[in-house]
Amino acid sequence: KQEVTQIPAALSVPEGENLVLNCSFTDSAIYNLQWFRQDPGKGLTSLLLIQSSQREQTSGRLNASLDKSSGRSTLYIAASQPGDSATYLCAVSHHTGTASKLTFGTGTRLQVTL
Amino acid sequence: DGGITQSPKYLFRKEGQNVTLSCEQNLNHDAMYWYRQDPGQGLRLIYYSQIVNDFQKGDIAEGYSVSREKKESFPLTVTSAQKNPTAFYLCASSSRPTIGRHYGYTFGSGTRLTVV
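These protein sequence lines are chains F and Z, in that order. According to the working numbering, the first sequence is numbered sequentially starting from 36. According to the working numbering, the second sequence is numbered sequentially starting from 13.
Because the hints were derived from the structure by calculation, they are not lab data. Warning: the hint list may mix true and false statements.
Partial pick of chain F residues on the chain Z-facing surface, computed with a CB cut under 7 angstroms [claimed, not checked]:
id, residue
1, 75
2, 77
3, 79
4, 81
5, 111
6, 134
7, 135
8, 136
9, 140
10, 141
Glycine is no exception: its CB is placed at the ideal position from the N, C-alpha and C atoms.
Model the full assembly from the supplied sequences, consistent with the hints where possible.
Here it is, written out as structure tokens:
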């Protein structure tokens, strides 16, 4: 059974700092890996998706890497801002037909202080 | 704008009652999903559907039921058999993958269910 772990569970950094969030998974037979952002009481917003054949994806100040063989992914946030404060969730997917079933980590709660 | 609409935002259930959570999408996605989120735990898959009139159990289907009579709609019923239904419920949909494209995943804004 796939298990996804995110470290750290919580992180507080001052504005402007670069930071790294970690995600590890036990079964390397994944279709892709996604990073989501969740604000309190809200749904999930997709940030980045890395296909199993890819090594990294970038969007603005965000960069996500994937090492499938070692079961690890990192989300790098450059020049953090207070608006980045949220919970960041990592999820790996296993596809079945037209559906993609996601297995989620428990998330990293990020607070960026002024 | 295309997206997923979940209603209601907050729902209160009495002991022994069945309640139905609504999920509607206008993204023309084939697959739809229901996840449950509890504090300190990751999201867990309840049910998913790949096509109209078809659905499969996820990891925690006991005490829940679904239907998929229309492509746009995937309601979730929380039955009285679900012993601990208080949670945040999220509906999602994804597009069919094609060459060079991935499963595009979109989530709704969630329904918070509380047993009173």
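- Task: Would you check whether residue 111 of chain F satisfies its interface hint, that is, whether its CB is within less than 7 angstroms of any CB in chain Z?
- Result: This hint is violated: residue 111 of chain F lies away from chain Z, its Cβ roughly 21 angstroms from the closest one there, beyond 7 angstroms.
Problem set entry | Hint check: 7 angstroms Cβ-Cβ cutoff, residue 79 of chain F to chain Z | holds, 4 angstroms
Would you settle whether the hint for residue 75 of chain F is holds or violated, based on the nearest Cβ-Cβ distance to chain Z being less than 7 angstroms?
-> For residue 75 of chain F, the interface hint is violated, since the closest Cβ of chain Z sits about 11 angstroms away, which is over 7 angstroms.
Next item on the list: Against chain Z, run the beta carbon of residue 134 of chain F and see if the smallest gap drops under 7 angstroms.
Entry: Status holds, d = 4 angstroms.
Minimum Cβ distance from residue 140 of chain F to chain Z below 7 angstroms?
Holds. Min distance 5 angstroms.
Note to self: Tell me if the interface restraint on residue 136 of chain F is satisfied: Cβ within less than 7 angstroms of some Cβ in chain Z.
What the structure shows: holds, 6 angstroms
Was the hint right that residue 81 of chain F lines chain Z, CB cutoff 7 angstroms? The hint holds - residue 81 of chain F has a Cβ within 7 angstroms of chain Z, the shortest such distance being about 6 angstroms.
Chain Z contact restraint on residue 77 of chain F - CB to CB distance below 7 angstroms: holds, 6 angstroms
So, as I understand it, the hint says residue 141 of chain F touches chain Z; can you test that by seeing if any CB pair is closer than 7 angstroms? holds, 5 angstroms
(Q) Min Cβ distance, residue 135 of chain F to chain Z: is it shorter than 7 angstroms? (A) OK, holds: residue 135 of chain F within 7 angstroms of chain Z, min 4 angstroms.
Taken one by one, the earlier hints fail for this structure at numbers 1, 5, listed in ascending order.
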